[in-house]
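Engineer: Chain by chain, the residues:
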Amino acid sequence: GESVGLHLPTLSVQEGDNSIINCAYSNSASDYFIWYKQESGKGPQFIIDIRSNMDKRQGQRVTVLLNKTVKHLSLQIAATQPGDSAVYFCAENPAGTGFQKLVFGTGTRLLVSP
Amino acid sequence: DAGITQSPRHKVTETGTPVTLRCHQTENHRYMYWYRQDPGHGLRLIHYSYGVKDTDKGEVSDGYSVSRSKTEDFLLTLESATSSQTSVYFCATHNGQGVNQPQHFGDGTRLSIL
Chain G
91 GESVGLHLPT LSVQEGDNSI INCAYSNSAS DYFIWYKQES GKGPQFIIDI RSNMDKRQGQ
151 RVTVLLNKTV KHLSLQIAAT QPGDSAVYFC AENPAGTGFQ KLVFGTGTRL LVSP
Chain B
153 DAGITQSPRH KVTETGTPVT LRCHQTENHR YMYWYRQDPG HGLRLIHYSY GVKDTDKGEV
213 SDGYSVSRSK TEDFLLTLES ATSSQTSVYF CATHNGQGVN QPQHFGDGTR LSIL
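First to last, the sequence lines map onto chains G and B.
Under this note's numbering, the residues of the first sequence are numbered 91 to 204, in order.
Under this note's numbering, the residues of the second sequence are numbered 153 to 266, in order.
With the rest of the complex left out, here is chain B (with noise of 0.2 angstroms):
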């Protein structure tokens, strides 16, 4: 896979407070993605990177700004954390190397919004 480490594996916070997510990849790959999983729902794009400092919204964009500074890094910042936020979170990455290849994921970060 594509070494992909989450950090951190549980996190649990008061409605209000700043969290940030982090995702590190060691294998260079171009786009990076942020995903929640819900029960009675498959995984919904929160965000993607396809290269540094380029990023773009996905389909449950509201309440999440990310940021890309280096390829292996891809943050995920909920400025003001609000219960229906508490979800499991999974980073994955993509090589780019042509549309048709799959993504690859992290172990995800278990977050609850107290």
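This is chain G alone, in the form it adopts within the complex (with noise of 0.2 angstroms):
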């Protein structure tokens, strides 16, 4: 089946660091990637997407590199803050839903020491 999956479970950086979150996507026909960034007790916030015909994507200190031959998405942080605490995930839309029909991950802690 479909599923979207993270390889570190936690990150624990120094403030001023670049952050590296890493996900692995299964379905090699989605077609659309974004990563969310969620603070305890508060809904998943949008960080940044990509789409299928790009390899690359930057956004206000945050990058989001897409390999669809390994099936691979990543989450760059530029000089990580402490307010850059909170669990990341990545979710895949599988293309031809004809809505979308998200699949998320479980999720990286990041924690950031001041």
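The hints are simulated quantities; they were obtained by calculation from the structure and are not laboratory data.
Each hint should be verified, as a subset may be incorrect.
What the hints assert, rightly or not - List time: in silico DMTMM-like cross-link candidates among lysine to aspartate or glutamate, alpha-carbon distance up to 25 angstroms:
no.: 1; chain 1: G; residue 1: 191; chain 2: B; residue 2: 206
no.: 2; chain 1: G; residue 1: 146; chain 2: G; residue 2: 121
no.: 3; chain 1: B; residue 1: 209; chain 2: B; residue 2: 190
no.: 4; chain 1: G; residue 1: 161; chain 2: B; residue 2: 179
no.: 5; chain 1: G; residue 1: 161; chain 2: B; residue 2: 259
no.: 6; chain 1: G; residue 1: 132; chain 2: B; residue 2: 224
no.: 7; chain 1: G; residue 1: 191; chain 2: B; residue 2: 214
no.: 8; chain 1: G; residue 1: 191; chain 2: B; residue 2: 166
No experiment lies behind these values; they were computed from the predicted model shown.
With the hints as a guide, bring the two chains together.
Structural biologist: The following block contains the structure:
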């Protein structure tokens, strides 16, 4: 079946470091990917997305890389700040469903130390 | 974000009682979704709606029903709550202008079934 997973359940970094959060997806037909940030007691917050016709997309301090050959997605956060501490998870949308039927990963917790 | 309000934010109830959760959005988004979030699992789709009175089942729909009588409101009902339905429930919306747009989430309802 379809699945989206994360290699590292917890990532600890120092403030100012760059963080990389990884995600493996299983459906080669997925054509849209999203990264979300979830803080304690809150709903998932959209960070950045990427379509399958792209390899890289940049936002403010964040970059998403997509490697379709190995079905791998990564989120890079530059100059990580304590406010970046949260759970991050990816989601994929299998193509051809006519609407979004996102498949979510279980998440990686990012801990940023001052 | 999509101006999504979920109510109640917290609820404790007993097994066998009916429970209704409400999702209200102010952005006139066509698509609305109900998910549950449990430890060790990614967000799982319960039901979704693609318009007023148009709904369909998701991955984990057993024991749940939904209704959408107005664009802005999407209700999730547990007809006879069971302990396995203890979870955090999230509502999301999507503007429907193309499949490749991110879903936006409310802050969730924490439901405990005793």
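Engineer: If a hint holds in the structure, say so; if it does not, say that too.
Structural biologist: Now the hints, each set against the structure:
no. : hint               : result
1   : 191(G) with 206(B) : holds (16 angstroms)
2   : 146(G) with 121(G) : holds (14 angstroms)
3   : 209(B) with 190(B) : holds (19 angstroms)
4   : 161(G) with 179(B) : violated (34 angstroms)
5   : 161(G) with 259(B) : violated (30 angstroms)
6   : 132(G) with 224(B) : holds (21 angstroms)
7   : 191(G) with 214(B) : holds (18 angstroms)
8   : 191(G) with 166(B) : violated (32 angstroms)
Hints 4, 5 and 8 from the list above are not met by this structure, while the remaining hints are.
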